[in-house]
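Engineer: Numbering-wise, the sequence shown is residues 1 to 693 according to UniProt numbering.
Keep in mind that the hints were calculated from the coordinates and are not lab data.
Ideal placement from N, C-alpha and C gives every residue a C-beta, glycine not left out.
Incorrect hints may appear among the rest.
Unchecked claim - Listed next, with one range per pair, are the computed distances between beta-carbon atoms:
#	residue 1	residue 2	range
1	Lys14	Gln138	31 to 41 Å
2	His296	Tyr453	13 to 23 Å
3	Thr97	Asn28	40 to 50 Å
4	Glu463	Lys291	18 to 28 Å
5	Gln285	Glu639	53 to 63 Å
6	Asp118	Tyr223	41 to 51 Å
7	Glu82	Asn218	51 to 61 Å
8	Met557	Thr587	14 to 24 Å
9	Thr587	Thr369	28 to 38 Å
10	Pro141	Gln285	19 to 29 Å
11	Tyr223	Arg633	48 to 58 Å
12	Gln285	Glu463	28 to 38 Å
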Amino acid sequence: MSEMSIKEKRRENKRRKVAALLEICDLNEKDRQAMTQLRPEISSDGPEPKKAKIDDGTSNTSDDPSDQGDTKPKYSEKELEELRKLLKQRNNEKKKTPLLYLKEPTGYQAELDVPPTDRVPMFFSDIQHLVLFATLAQNSPFFPRWCNLEKCGHLSAVQILFIEGAGISDYLQCEDKLPSLSKSKFPIHLEVVMPSAYGGNLIEEFCAIPLSRNQGNNIIRAYGSLEKAVNSSCEVFKILRAFFPVDEKSGSLSQKNDVKNQNQGSSDDKLTPENPPPPKPKPEQLPKTDKFPRTHLLLSAWQMIEEGFPIPLNAALKEKYKDFVPTKPVYKEVNNFSPMYAVDCEMCTTTIGKSECTRVSIVNEKLETVIDTLVLPHNKITNYLTRYSGITAAMMKNVTTRLEDVQKFIQETLEPDAILVGQSLNNDLVALKMMHPYCIDTSVIFNLTGDRYRKSKLKYLSEHFLKESIQTGRQGHCSIEDSSASLKLVQLKLSKSLEFGDQVLAASGLHKIRKESSEIKEKVDLSGYATSLFSYATRMGKHASILAAPEILEKYMDYLNPRIASYEQLNKDGSCETITKEETSDTGHVTCVISSTNQSVVEGATAKVYENFLTVGHIKLTEAASDALALGRGEAVEELNNMISHMHDTALMNSLSLVVMCGREKSSNGICFINLRKKVFERVQYKPGASVQ
1 MSEMSIKEKR RENKRRKVAA LLEICDLNEK DRQAMTQLRP EISSDGPEPK KAKIDDGTSN
61 TSDDPSDQGD TKPKYSEKEL EELRKLLKQR NNEKKKTPLL YLKEPTGYQA ELDVPPTDRV
121 PMFFSDIQHL VLFATLAQNS PFFPRWCNLE KCGHLSAVQI LFIEGAGISD YLQCEDKLPS
181 LSKSKFPIHL EVVMPSAYGG NLIEEFCAIP LSRNQGNNII RAYGSLEKAV NSSCEVFKIL
241 RAFFPVDEKS GSLSQKNDVK NQNQGSSDDK LTPENPPPPK PKPEQLPKTD KFPRTHLLLS
301 AWQMIEEGFP IPLNAALKEK YKDFVPTKPV YKEVNNFSPM YAVDCEMCTT TIGKSECTRV
361 SIVNEKLETV IDTLVLPHNK ITNYLTRYSG ITAAMMKNVT TRLEDVQKFI QETLEPDAIL
421 VGQSLNNDLV ALKMMHPYCI DTSVIFNLTG DRYRKSKLKY LSEHFLKESI QTGRQGHCSI
481 EDSSASLKLV QLKLSKSLEF GDQVLAASGL HKIRKESSEI KEKVDLSGYA TSLFSYATRM
541 GKHASILAAP EILEKYMDYL NPRIASYEQL NKDGSCETIT KEETSDTGHV TCVISSTNQS
601 VVEGATAKVY ENFLTVGHIK LTEAASDALA LGRGEAVEEL NNMISHMHDT ALMNSLSLVV
661 MCGREKSSNG ICFINLRKKV FERVQYKPGA SVQ
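Generate coordinates for the entire structure from the input sequences, incorporating the hints supplied.
Structural biologist: In structure tokens form, the structure reads like this:
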């Protein structure tokens with residue numbers, strides 16, 4: 001459409017709007033004239049007198065109140081004062097009523113009402129953060145990113161019920177037979193990636209709270225190192241969390257390769273007492289070129305989701321990435337010395353209408369080329385995109401390497417703790433059809449705009465920080481050049497500080513930390529170290545209780561300080577028999593209650609709510625009960641419904657209740673049901689002499 005036709009169309013629209021406005025004005029004027037003829041007492045000189053209803057239903061314009069049928073109650077000054085007190089009291093109660101609502105988009109995207117293809121599940125750590133914030137309020141080290149919990153200081157209790165052996169698929173199968181979990185009782189239904197989906201430890205991931213920088217500094221000052229604190233203190237312990245399978249016991253392949261290189265003259269490459277592997281580097285140690293741990297630059301799981309990295313979180317994403325392969329079958333825990341590799345891929349458009357990988361380049365930390373190969377797509381190339389990819393028809397003429405060959409090479413070459421580096425690395429992994437847990441994205445760690453969602457191009461970052469020009473020719477990008485630039489940028493940042501090149505972090509004031517503790521904060525890697533959620537709660541004077549069968553309760557004991565824990569046995573009649581008692585302390589305490597059945601766990605938990613602020617009930621369904629739930633029939637479903645209903649009905653006012661179906665081992669995701677029970681304030685109905693409603 002030409003520029004003149006657009007202007008003419010705009011003028012025509014304006015003419016129509018003005019004509020419509022004039023027509024409305026004419027109609028209003030006609031209505032006023034008609035009303036004046038019917039009721040001459042109405043004039044333009046003044047407003048129409050207020051109408052008052054009388055017994056016959058007609059209007060009366062008399063100014064005499066005695067002639068009006070005013071049905072509004074008439075109060076004396078004393079009665080008005082009572083009414084004001086009533087309203088003030090109700091408003092004060094409202095101010096002390098907690099409020100929970102989801103945030104947009106993170107909270108709403110995980111709701112069960114969202115179609116599976118669009119749903120983005122929560123992580124179990126998100127549920128942990130809600131519990132922690134509800135318990136500690138503003139003293140919490142973490143705040144929920146997916147919901148707002150207002151006035152949480154007025155919560156009366158927090159109760160949680162973990163149900164192992166049931167997941168989201170089981171609930172959907174028998175949703176109509178579990179009315180206790182309906183929206184009317186538990187308004188919030190969220191899909192959650194549970195530790196069972198990736199072989200994680202549910203109890204560890206609930207209890208373990210990663211150490212903050214200040215905590216790490218204080219612990220190092222007190223014990224000398226984190227390792228000594230783990231051995232000497234009941235407040236610090238090591239954790240291993242990963243969304244991908246991690247073998248903590250397996251040695252680093254990079255370490256094994258170093259041993260082989262040192263013993264090249266030996267006919268036996270096996271590790272022996274005479275040729276032991278080099279000691280694992282301590283968390284306090286860093287490569288000479290690094291000023292802070294490289295693990296601090298790794299993308300979190302949620303960042304990987306936001307950036308579009310291939311992660312099979314739910315059924316829809318598992319289907320989407322069903323053809324993707326992991327870079328290793330099992331990974332090793334990443335550390336300060338884990339090797340970095342920069343990856344860059346070039347793409348061409350094929351007959352499927354999408355871009356497919358046609359060149360792969362990987363360089364190591366010495367900027368040596370590990371692999372640089374052209375790749376022949378399975379579909380015919382329709383557009384070489386030479387201006388960007390640098391690929392031409394002549395270059396692809398004799399290429400026989402397939403993507404599967406590159407995938408196999410990467411799986412055989414990369415160390416299990418390798419860190420991949422790249423600019424918008426998610427695109428490269430999608431092109432490779434591979435998944436990897438440890439990633440550093442230069443488009444995320446460098447930010448010149450102060451806005452996380454406005455990213456700078458690699459070409460500009462290279463010119464600004466490296467003083468090097470890349471992507472200058474018209475023959476397309478060079479993947480070796482681009483991957484090398486990405487790695488140089490990461491190495492430059494590691495040689496400076498965490499805030500270097502990031503206006504978002506610089507603006508947050510992290511660069512102004514005190515000089516006396518800056519060295520510790522930069523050099524110590526706190527990943528893998530944690531303290532207990534129950535330690536946090538008891539230090540704030542909160543009492544907690546854990547109810548479970550002996551084999552489950554024993555796992556919780558690893559995360560409890562013996563000085564604050566006591567143990568009880570739940571009898572059949574509902575009474576508790578003390579086994580051991582905690583030492584007298586000014587802080588809170590944790591009561592561990594041994595229960596023999598799932599029913600007793602729930603009933604005992606509802607009783608403990610009156611004694612403790614935080615109550616955790618943990619049950620595990622039998623295999624038969626899990627199967628019955630999956631089929632949506634049997635007494636097990638009814639029994640589970642009754643237990644949850646009992647928990648809901650006995651909840652205290654202004655208490656937060658969570659029911660978490662923890663899924664099955666390496667099966668479907670879990671689901672979390674949340675309810676904040678609060679008083680419903682109805683319209684004030686005041687009667688003289690009546691008490692406060």
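Engineer: Determine for every hint whether it applies to the structure shown.
Structural biologist: Hints, verified against the model:
no. : hint                          : result
1   : Lys14 <-> Gln138: 31 to 41 Å  : violated (54 Å)
2   : His296 <-> Tyr453: 13 to 23 Å : holds (21 Å)
3   : Thr97 <-> Asn28: 40 to 50 Å   : holds (46 Å)
4   : Glu463 <-> Lys291: 18 to 28 Å : holds (23 Å)
5   : Gln285 <-> Glu639: 53 to 63 Å : holds (54 Å)
6   : Asp118 <-> Tyr223: 41 to 51 Å : holds (48 Å)
7   : Glu82 <-> Asn218: 51 to 61 Å  : holds (55 Å)
8   : Met557 <-> Thr587: 14 to 24 Å : holds (18 Å)
9   : Thr587 <-> Thr369: 28 to 38 Å : violated (58 Å)
10  : Pro141 <-> Gln285: 19 to 29 Å : holds (26 Å)
11  : Tyr223 <-> Arg633: 48 to 58 Å : holds (56 Å)
12  : Gln285 <-> Glu463: 28 to 38 Å : holds (34 Å)
Going through the hint list in order, the structure does not satisfy hints 1 and 9.
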